[in-house]
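Each chain, letter by letter, is given below.
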Amino acid sequence: MKKKILIVGGGTAGTMTANNLAKKLMYEIDKDEVEITMISNSKYHYYRPGAMYVAFHKASGHEFVREQRTLLMPEVKFLVDEAIEIDTNSNYVKGKSGTKYSYDFVILATGCEVAVDRIPGLKEGGNWFYSYDGAKKLAEKFAELKKGRVLVTVNFPKTPDVPHQCGIAPIETTIMLHDYLKEQGIREDIEIIYTYPKVAQAVTDGLFLQGPTSKVLPSIFDGIGVKYKTSFTLNKVDPEKKIAYSEEGEEIEFDILMSTPPFIATKFIRESGLSKAVDDEGWLPTDKKTLKVKGYENIYTLGDTVDLPVSKAGGTIHNQTDVVADNIASEIRYGYPTESYDGKVIAIAQMGLSCGMPLWYDYKEDVQPTPCSKLGSFVRKGFNMGIYWAAARGMV
Amino acid sequence: MSEKVEVLKTKEMQELEEKFAMLVQTGRIDNIIDLLAVVSDNIEMTTAPMVDKMVGTIDNLATAGFITQNAVRYANREIKKNEVPSLFGLLKLLKDEDTRKGLAFVLHLTKGIGKQV
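Protein sequence lines correspond, in order, to chains X and B. Okay, so the first sequence: first residue is 1 according to the UniProt record's numbering, each after it adds one. Okay, so the second sequence: first residue is 1 according to the UniProt record's numbering, each after it adds one.
Calculated from the structure, these hints are not laboratory results. You may find that some hints are simply not true.
Stated by the list, open to error - Okay, the calculated beta carbon distance ranges per label pair:
| # | chain 1 | residue 1 | chain 2 | residue 2 | range |
| --- | --- | --- | --- | --- | --- |
| 1 | X | Pro-74 | B | Glu-17 | 51 to 59 Å |
| 2 | X | Glu-250 | B | Gln-69 | 36 to 44 Å |
| 3 | X | Glu-124 | B | Gln-69 | 48 to 56 Å |
| 4 | B | Thr-47 | X | Asp-87 | 34 to 42 Å |
Said to hold, decoys possible - Example chain B residues on the side facing chain X (calculated, C-beta under 10 Å, incomplete):
| # | residue |
| --- | --- |
| 5 | Phe-20 |
| 6 | Ala-21 |
| 7 | Gln-25 |
| 8 | Gly-27 |
| 9 | Asp-41 |
| 10 | Glu-44 |
| 11 | Asp-52 |
| 12 | Ile-79 |
| 13 | Lys-80 |
| 14 | Lys-92 |
| 15 | Thr-99 |
Positions of the beta carbon are idealized from the N, C-alpha and C atoms, including for glycine.
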């Protein structure tokens, strides 16, 4: 009997996993024993971190978009359809088209989405670089800015120990902003204030979600004249008066509010009944080692949808995808999973426009800040502009 | 009345010194320094647009490799699965949309080469 593997979501997690699975299971595919299908709500694939560069006029955006079909191996059947329902008893996912996609194994890789509505006034008063449209609006505002104050705010999910999308992005963009304003010759006329909420994953009253980096940040910010403030948990924005209010009772005026907004899982996952995350955030209860959804033997998940304490970013997915592919291949061949995820995250942070900082951590060890370098920046930019597509195709 | 100053070295520093001493004694240290200088010069002289262009070229090669590798594997599988088609069978293959798309691609590819030779 042919085994059906269904992948829901055509982002980084879904694409890498589809190709890695096809490679891993080529023997079974050749014998017509395995079928891999992907459904995605878009014909296109977006490289999300690219948006950050759009905000600072370092890319126009189209460089980071490709047709999904061109990134998938021909052994992966690709269909554009939006998942709306999952039936875990009868093992099928229903699409918006009405089609029921049955599966023996399903991989839920639908990512997360910006939920600005969760903070009153943020939609009207704030800007964010987590989407191309958002980044373009921010770029327009930066182009007009001649003097004033840019306020950086960060929001964390209410679910304990879960980070927002791309943990390091607020720091990256704050330093990029400093460099960008210097490049424009207007840094002296613009004040940058970086704020962090009281509770940020494992850290309280800090400037980053992990201890060692949180401690080293004040000296970095002092060095470039960025002001900073801990325990500023954004809870309201007045878009008319341009004032940001915190849960702690403080208020800060701004000219531009560059915000890391609240994130939640996609509607399909939130309505699937699989999550018990607080505040209807929808994170899937994930076994930290096998990457199965807890309580289900044939449902795997990875990437931004999980409730694990690791970054919601491509550098995480790159390590998770091999575990998921190996485990599903083992289940098909031997009847049990064989690999275990150790929480490894590897990335290069863009610390300003021309400095890249390699970083790595796992469940046991926090990120150890390392010096950033010009070479690091080249590797990061090289990854953005080309190596990413090879990684998505399962070539790297 | 000179005081004896003892410099305490860590085990790692001692090991490093021994390794470097070996390089100095054998004259190979000059080559290492030259190599580091070349690497450093290359980093200094590289600009962001150069990186963009280089990576673009690598990406094009990787894309071509991905398409070719997949197509060869697919063709191999199909050849093994089916008998060698007759002349009529070959025409039947042309009814398939993907085959026609691939064939059109090859013809455009030929035209693209023609434009450059």
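* **chain X contact restraint for Gln-25(B) - C-beta distance below 10 Å** => violated, 31 Å
* Asked: Using the C-beta atoms of Glu-250(X) and Gln-69(B), is the stated range 36 to 44 Å upheld?
  -> Taking Cβ atoms as reference, Glu-250(X) and Gln-69(B) lie about 57 Å apart, which means the hint is violated.
* Asked: Measuring from the C-beta of Glu-44(B) to each C-beta in chain X, is the shortest one below 10 Å?
  -> holds, 8 Å
* Asked: Can Gly-27(B) be said to touch chain X, with a Cβ gap under 10 Å?
  -> violated, 29 Å
* **Hint check for Asp-87(X) and Thr-47(B) - Cβ pair distance inside 34 to 42 Å** => violated, 55 Å
* Tell me if Asp-52(B) is really an interface residue toward chain X, meaning its C-beta lies closer than 10 Å to one of theirs. => holds, 6 Å
* To do: Would you settle whether the hint for Phe-20(B) is holds or violated, based on the nearest Cβ-Cβ distance to chain X being less than 10 Å?
  => Not OK, violated: Phe-20(B) not within 10 Å of chain X, min 23 Å.
* Would the stated hint for Asp-41(B) survive a check requiring a Cβ distance to chain X of less than 10 Å? -> violated, 12 Å
* When the least beta-carbon distance from Ala-21(B) to chain X is tested against 10 Å, hint result -> violated, 28 Å
* Return the status of the interface hint for Lys-92(B): holds when the least beta-carbon distance to chain X is below 10 Å, violated otherwise. => Where the cut-off is 10 Å and the nearest Cβ of chain X is about 20 Å from Lys-92(B), the hint is violated.
* Asked: Taking the least C-beta to C-beta distance, is Lys-80(B) closer than 10 Å to chain X?
  -> holds, 8 Å
* Hold the hint about Ile-79(B) up to the distance rule: shortest CB distance to chain X must be less than 10 Å. => violated, 12 Å
Checked against the numbered hints above, the structure violates hints 2, 4, 5, 6, 7, 8, 9, 12, 14, 15; every other hint is satisfied.
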